[in-house]
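Number of protein chains: 2
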Amino acid sequence: MLVLNSEDIYKSINPVGIIKAIEKAFFIQKNGNYLMPDRLHLTKNKNTQLLMPCIAENIACTKIVSINPNNQLKKLPIINGTVQLTRHTTGSILCLLNGSTLTALRTGGVGAVAIKYLTPNDINCIGLVGTGVQGLHVLWMLSHVRNIKQFNIFNYNTHQTELFCSQLEEKVPHTKIYITDSTKDLLNKSKAIITATDSPNPVLPEDISLLENKTYICIGSFRPIMGELPRSIYTLVNKMYIDVEYAKNESGDVTYPLEQGILKEDDVILLNNVIYGKTTVNEGIKIFKSVGMALFDLTTSNYIYQSALEKKIGTMINL
Amino acid sequence: MLVLNSEDIYKSINPVGIIKAIEKAFFIQKNGNYLMPDRLHLTKNKNTQLLMPCIAENIACTKIVSINPNNQLKKLPIINGTVQLTRHTTGSILCLLNGSTLTALRTGGVGAVAIKYLTPNDINCIGLVGTGVQGLHVLWMLSHVRNIKQFNIFNYNTHQTELFCSQLEEKVPHTKIYITDSTKDLLNKSKAIITATDSPNPVLPEDISLLENKTYICIGSFRPIMGELPRSIYTLVNKMYIDVEYAKNESGDVTYPLEQGILKEDDVILLNNVIYGKTTVNEGIKIFKSVGMALFDLTTSNYIYQSALEKKIGTMINL
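In the order they appear, the protein sequences are chains A and B.
With positions in the first sequence counted from 1, the corresponding number in the working numbering is that position plus 340.
With positions in the second sequence counted from 1, the corresponding number in the working numbering is that position plus 340.
Worth flagging that the hints you see were computed from the coordinates, not collected in a lab.
Far from chain A, some chain B residues (derived; all Cβ distances over 10 Å): (1) 360; (2) 472; (3) 483; (4) 490; (5) 502; (6) 515; (7) 545; (8) 549; (9) 579; (10) 601.
16 Å max Cα-Cα, derived EDC-like pairs, lysine to aspartate or glutamate: (11) A/386 with B/397; (12) B/386 with A/397; (13) B/384 with A/397; (14) A/384 with B/397.
If you only want the chain A side, here are some residues facing chain B, beta carbon under 8 Å, derived: (15) 380; (16) 430; (17) 431; (18) 655.
For every residue, glycine included, the Cβ atom is placed at its ideal position computed from N, Cα and C.
The following block holds chain A by itself, in its conformation from the complex (with noise of 0.2 Å):
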């Protein structure tokens, strides 16, 4: 069994190899060859430990995250998990990943596909509320799909973004990097917003001559009590894309509208139709939630572990 820690997951990738995985979870998710049951919560005590499993292309995958709200007041990192890939022919081990570093950079890549399929190609400019770790990675993966001048960035937290900064410009070297000081601020400057939060009420102001005519792409609330989005914005939208269906009971973004009756299921449109369906894009204002899936976990996790084992990076040990 190989094992890639964060660090020899970095080295083993690029951010073109990441999001060509996702555009293949979207290949198979549209052509349905893959087994994928719901997700299983566990939560105990405020604690969650989620399990996603998913079996296609020979690969099982499974995830195993934990979500441990009080980790930031302790300091120490929300997200923390695995994701093990077995052989499903003959059940042998092949490797086993960090967890959170290959869910930062699927969900980055998830942001950047949505990006390259929603947005027009000249787009430049980019606002982001929320500078946690998905956040960075939806940046640094989407300036491999777009080509960025600016970034537009707004916290709640002000104290995460000096720290947040210096990582994006690491990642992004050579692009300005605007901190806003306002959402209203961000939204005038930005063609394109990314929100990546778990805040259960809206990020964004209500206001509709400021929400028109932009891309949002939701990555944060992953429960229908959570919700990113203002309720206004649901009025100047005839539809809305997803990821996966089960968006459709997990987010309070994807919620909210349906049983408001502001929006009807067969508004609410998989991503994979218009990648590779015959589904045109919408003008004007368009909106794509993600709460990720696992057959992201398996494609990206199978592209790292391939990439590894030609570079020669990572720990052979026996299990």
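For this one, chain A is given, so just place chain B on it according to the hints.
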């Protein structure tokens, strides 16, 4: 994260420790302070991946097991897998263990605990059908709860028997091993019988006079279509012991008497009621059916982990 391969695990443990860990699992099960959702089966092209999660005592344990029936033809192990231990309050990943070895040990421990609580103290002659890894570990473990003078062995697949006997002799020295030429012979010579096969059909004869007044510890069948016990055996009993509630749905050895109305739901009793409750063991023939549960994996692997830490065994890796 501490990685414990098969060899590390055997060096870390002793059978009494495993048996105590299983008793602890029954204790936690009786008290109810644990979280254990139904295990998740993913089956594609006859190969199964089984996810068994559990949280108790601030440990989150997830076992990922692959079952590849055709591996036998390829001379590969049928069961492969891992067990991961995480500290639930922090998400910190503590240990990764070889899942096949853990499964063999904990299944052996369950068999031994059943023998301890369901048979007389002076029982000294045990029969076994099925000379696989699970059978070997049950005999090894139960030799630490009873003073065994003779093992009677039967297997339909005789070419494995020689290897099995040498392994058994190594684990349980100074005990006579008798290879029976029929299951009738086996029943005649044994007061308790372990069945450890994945047979879809009864592995013991339909002969009431031979079957009565013995104890049956069935650790094999784990699907409704599997069943090791002869059907006539159910006419001899008015209760049956199981390890976990879902055994009533998962094993043919329990679904059959329930569906036929030979036993009622209330006649099928959790073993923890014998160990920690007020249920007294019936006279005459006794049947215990185990399908396994994640709580066994949790307490057993946590014992192994603690013991390995103390003895400084295993490989510490930075994930």
